[in-house]
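Put chain B with the ligands on the given structure of chain A with help from the hints.
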Amino acid sequence: MEKFTVELIVSNHYGVLNRITGLYARRGYNIDSLYVNETENPEFSRMLIVSKGDEYIQTQIVRQLSKLYDVKQVTLMATVKR
Amino acid sequence: MKLNGAQIVIEQLCAHGVTTVFGYPGGAVLPLYDELSKNTHRITHIITAHEQGAAHAADGYARTSGKTGVVFATSGPGATNLVTGIANAYLDSVPMVAITGNVAVPLLGKDSFQEVDILGITQPIIKHNFVARDVGELEYILNEAFYIANSGRRGPVLVDIPKSVQTDECEYGDLPSKKMPEHLPVPSLEQAVNAIKGCKKPYIYAGGGVLASDAQAELMELSKRLCAPVGLSMMGMTAIPHDYELNLGMCGMHGKYAATAAQSECDLMIALGVRFSDRATGNIELYRQGCSIIHIDIDLAEIGKNVSSDININGDVKDVLRKLLTLLEPIKNEKWLTRIEELKQVDKAPQSGDFSPQSIIETVSCFCDDDTVIATDVGQHQMWVMQYYPFKKPRVLLTSGGLGAMGYGLGAAIGGCLAKDRRRTVLFTSDGSLGMNLNEIATAVSLELPLVIIILNNGVLGMVRQWQGMFFGARYSQTTLNRKTNFAALADAFGAKGYWVNSISQLRSILENLPTSCPAVIDCKIDMDEKVLPMIPPGGSAKNIILRR
Ligand SMILES: Cc1ncc(C[n+]2csc(CCOP(=O)(O)OP(=O)(O)O)c2C)c(N)n1
Ligand SMILES: [Mg+2]
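Line order of the protein sequences matches chains A and B. Just so you know, the first sequence maps onto residues 0 to 81 in numbering that gives the first Met the number 0. Just so you know, the second sequence maps onto residues 0 to 548 in numbering that gives the first Met the number 0.
For reference, chain A alone in the conformation it holds in the complex:
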């Protein structure tokens, strides 16, 4: 399966990480690595989430994440074949 990275801009607020990881967990997608930091604008954080999945999973993840209120921007980064 392909490793893929999703970059998110999210509100910098308690509970937001929970909402995002919950979405992965509910669908049974493991998170391989996770990186969060505050952006230049302290209202937002940037997240990088690496997980594995085929095109279907990647599309679903991006579309489901886009529906979350606290998620302001979703970018699917280039994938690496394994």
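If you're looking for bench data, these hints aren't it; they were derived computationally from the structure. Misleading hints may appear alongside valid ones.
[To be verified] Keeping only pairs whose Cα atoms sit at most 35 Å apart, straight-line, the calculated DSBU-like set for lysine-lysine is: (1) B:K1 to B:K66; (2) B:K496 to B:K391; (3) B:K304 to A:K71; (4) A:K66 to B:K66; (5) B:K304 to B:K199; (6) B:K322 to B:K391; (7) B:K483 to B:K496; (8) B:K392 to B:K304; (9) B:K199 to B:K322; (10) A:K2 to B:K304; (11) B:K37 to B:K419; (12) B:K331 to B:K391; (13) A:K71 to B:K178; (14) B:K334 to B:K223; (15) A:K66 to B:K322; (16) B:K391 to B:K200; (17) B:K331 to B:K196; (18) B:K392 to B:K331; (19) B:K177 to A:K71; (20) B:K66 to A:K71; (21) B:K304 to A:K51; (22) B:K392 to A:K66; (23) B:K200 to B:K331; (24) B:K109 to A:K66; (25) B:K1 to B:K109; (26) B:K542 to B:K392; (27) A:K71 to B:K109; (28) B:K1 to A:K71; (29) B:K304 to B:K223; (30) A:K66 to B:K304; (31) B:K223 to B:K322; (32) B:K178 to A:K66; (33) B:K223 to B:K391; (34) A:K66 to B:K419; (35) B:K178 to B:K419; (36) B:K334 to B:K542; (37) B:K177 to A:K66; (38) B:K200 to B:K347; (39) A:K71 to B:K322; (40) B:K196 to B:K392.
Just chain B with the ligands, lined up with the frame of chain A:
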């Protein structure tokens, strides 16, 4: 203007056009309920018997009226009692705002009395939830809550308000209500138009999205223009009148034969505001075989989720259909129409006994008009209503689709009845489901609502029993209730009118003399071995339909 949190809630409800809320008081919402008592001229609060009933009532009210359903509950157990109602609204895309109290801000996170993390609990079953830890955020949060519940694909939102925030004060009235977003632009429809022009056997699969976008007229026009039969998902049941000649009825596991068979024979499926639930499709590979699919939905995440489609159109169903209709010429297709007519004949099989579910539902329907709201619970009786009730107008059906929650019906019927100015409203239920939330009969009695509660009483958890009969060697594990409950006497004890009938003529004479300002509970004894047929076994397809026993 300086207001406290409770006052802000009331002002915000009024600003969003709310006139009715459902709920149940408790310690953590005392300030809110105190404020409510000073605003009875603006807001009617309906006290139910249980918070679940209140949530289902808010849901039924929203589905019937098209407005946002609003429900209040206290912290802890009050909040947890809402959970099923919220999940139900989420899965059926019903706009709802739930407002819960919580312990005072200094007590949050300390496992205080009646403190639960209702945000954490509801997170997977809700569009979004907020906690207002500071009264200064409350106005903004409530604005957002109504906006989120009603924008895009609708759904529930919860706002948790600690008790201290309800009494804290701040300036109010700075923010205008948030405007609903512009509809998504309609994408290019060229591919869809070409596919439609090239097809021989078009089929429309219509769901709740048609009703949500109010696209009934466009759906009808599309069907007529293309000579395309329409199969409905349960959520789309009222999108097209039952007697329209190309309405094949509900698709899927317990749908009509013609709806499923025509789908399996079509070469192009136009899917409108549906999410291809497993109950509707059966085996996905077989379902998908032989046809191309145009999928039109407002929720991009639904496109390609359960069924891969050939042409994807992300947009509001009504907007898309309007544009599509400007691009399509009428198509005549006698061969396909003849075939559809043949398939429809299969559904016209004679019914079973005299006092069958079908004859009961049809008899009741004779005493209803096109605007009568029909609620159901969950089980065989629900499927019989889908198969036999002659729906003519949109939005008159209240049924738990995605969640399939037994106990939904009575609360929903109360909400629906109130949304329709207390018009006569019918609930079809059965002994199992009614047992879940029958305490709400007390609510309906207090409100003097003319509900007609028809119990298709088979003495069993019929739907589960049917599966045990068909797929588990008739080992009827825990589904034969054989309770001694006298529903008619129980209704009387609640202050409603109870009846017991076992013939159509008895049923008719009761329906002719229904009480006008009190619920009637009519216990109809039916055979426990009645089956819901046709049925596609789980994972099956049109080829495996079981038509008769
Ligand atoms: C809250 C809840 N618990 C369990 C079920 C599983 N279930 C689905 S249908 C059904 C039987 C319903 O029995 P009844 O209300 O008597 O309706 P009938 O099938 O007899 O018409 C059950 C137990 C459910 N859908 N909802
Ligand atoms: Mg039953």
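These are the hints, each one checked on the structure:
A threshold of 35 Å between alpha carbons decides the hint, and for B:K1 with B:K66 the separation of about 29 Å falls inside it, so the pair holds. Of the pairs offered as hints, the one joining B:K496 and B:K391 holds, with about 29 Å between alpha carbons and a cut-off of 35 Å not exceeded. A distance of roughly 22 Å separates the Cα atoms of B:K304 and A:K71; the hinted pair therefore holds under the 35 Å criterion. Proximity of A:K66 to B:K66 is assessed by CA-CA distance (about 22 Å); at most 35 Å being required, the pair is judged to hold.
Of the pairs offered as hints, the one joining B:K304 and B:K199 holds, with about 27 Å between alpha carbons and a cut-off of 35 Å not exceeded. With a C-alpha separation of about 26 Å, the suggested pairing of B:K322 with B:K391 holds against the 35 Å cut-off. Taking the CA atoms of B:K483 and B:K496, the gap is near 19 Å; set against the 35 Å cutoff, the hint holds. Restraint check: the Cα-Cα separation between B:K392 and B:K304 comes to about 30 Å, which is no more than 35 Å; the hinted pair holds.
Pair hint B:K199 plus B:K322 holds up; C-alpha atoms about 22 Å apart against a cutoff of 35 Å. Our distance criterion of 35 Å between C-alpha atoms is met by A:K2 and B:K304, whose separation comes to about 20 Å. At most 35 Å may separate the alpha-carbon atoms for a hinted pair to count; B:K37 and B:K419 meet this at roughly 26 Å. Restraint check for B:K331 and B:K391: satisfied, since their Cα atoms lie roughly 26 Å apart, inside the 35 Å limit.
Of the supplied pair hints, the one linking A:K71 and B:K178 holds, its CA atoms being roughly 19 Å apart against a limit of 35 Å. As the CA atoms of B:K334 and B:K223 are separated by approximately 15 Å, the hinted pair is consistent with the 35 Å bound. Among the hinted pairs, A:K66 with B:K322 is consistent with the structure: their alpha-carbon atoms are about 26 Å apart, no more than 35 Å. The hinted pair formed by B:K391 and B:K200 meets the criterion: a straight-line CA distance of about 26 Å does not exceed 35 Å.
For the hint pairing B:K331 with B:K196, the CA-to-CA distance comes to about 11 Å; that is within 35 Å, so the pair holds. Annotation: proposed proximity of B:K392 to B:K331 holds, straight-line Cα distance about 27 Å (limit 35 Å). A C-alpha spacing of about 18 Å is found between B:K177 and A:K71, which places the hinted pair at or below 35 Å, so the restraint holds. Pair hint B:K66 plus A:K71 holds up; C-alpha atoms about 28 Å apart against a cutoff of 35 Å.
A distance of roughly 18 Å separates the Cα atoms of B:K304 and A:K51; the hinted pair therefore holds under the 35 Å criterion. A hinted pair counts as satisfied when its Cα atoms are at most 35 Å apart, and B:K392 with A:K66 qualifies at roughly 32 Å. For the proposed pair B:K200 and B:K331, the alpha carbon gap of about 11 Å is at most 35 Å, so the pair holds. With a CA separation close to 32 Å, the supplied pair B:K109 and A:K66 stays within the 35 Å bound.
The straight-line distance between the Cα atoms of B:K1 and B:K109 is roughly 31 Å, inside the 35 Å bound, and the hint therefore holds. Restraint check for B:K542 and B:K392: satisfied, since their Cα atoms lie roughly 32 Å apart, inside the 35 Å limit. Taken as a hint, the A:K71 and B:K109 pair is honoured in the structure, with Cα atoms around 32 Å apart against an allowance of 35 Å. Between the alpha carbons of B:K1 and A:K71 the distance comes to roughly 33 Å, so the proposed pair stays at or under 35 Å and holds.
Taken as a hint, the B:K304 and B:K223 pair is honoured in the structure, with Cα atoms around 29 Å apart against an allowance of 35 Å. Using a Cα cut-off of 35 Å, the hinted pair A:K66 and B:K304 holds, with the two alpha carbons roughly 14 Å apart. Straight-line distance between C-alpha atoms of B:K223 and B:K322 comes to about 16 Å, which keeps the hinted pair within the 35 Å bound. Under the criterion of a C-alpha separation no larger than 35 Å, the hint pairing B:K178 with A:K66 is consistent with the structure, at around 19 Å.
With a C-alpha separation of about 17 Å, the suggested pairing of B:K223 with B:K391 holds against the 35 Å cut-off. The hinted pair formed by A:K66 and B:K419 meets the criterion: a straight-line CA distance of about 33 Å does not exceed 35 Å. At most 35 Å may separate the alpha-carbon atoms for a hinted pair to count; B:K178 and B:K419 meet this at roughly 27 Å. At most 35 Å may separate the alpha-carbon atoms for a hinted pair to count; B:K334 and B:K542 meet this at roughly 22 Å.
The straight-line distance between the Cα atoms of B:K177 and A:K66 is roughly 19 Å, inside the 35 Å bound, and the hint therefore holds. Between B:K200 and B:K347, the direct Cα distance comes to roughly 23 Å. Compliance with the 35 Å bound is thereby established for this hinted pair. Proximity of A:K71 to B:K322 is assessed by CA-CA distance (about 30 Å); at most 35 Å being required, the pair is judged to hold. Proposed proximity of B:K196 and B:K392 is supported: the alpha carbons are some 31 Å apart, at most 35 Å.
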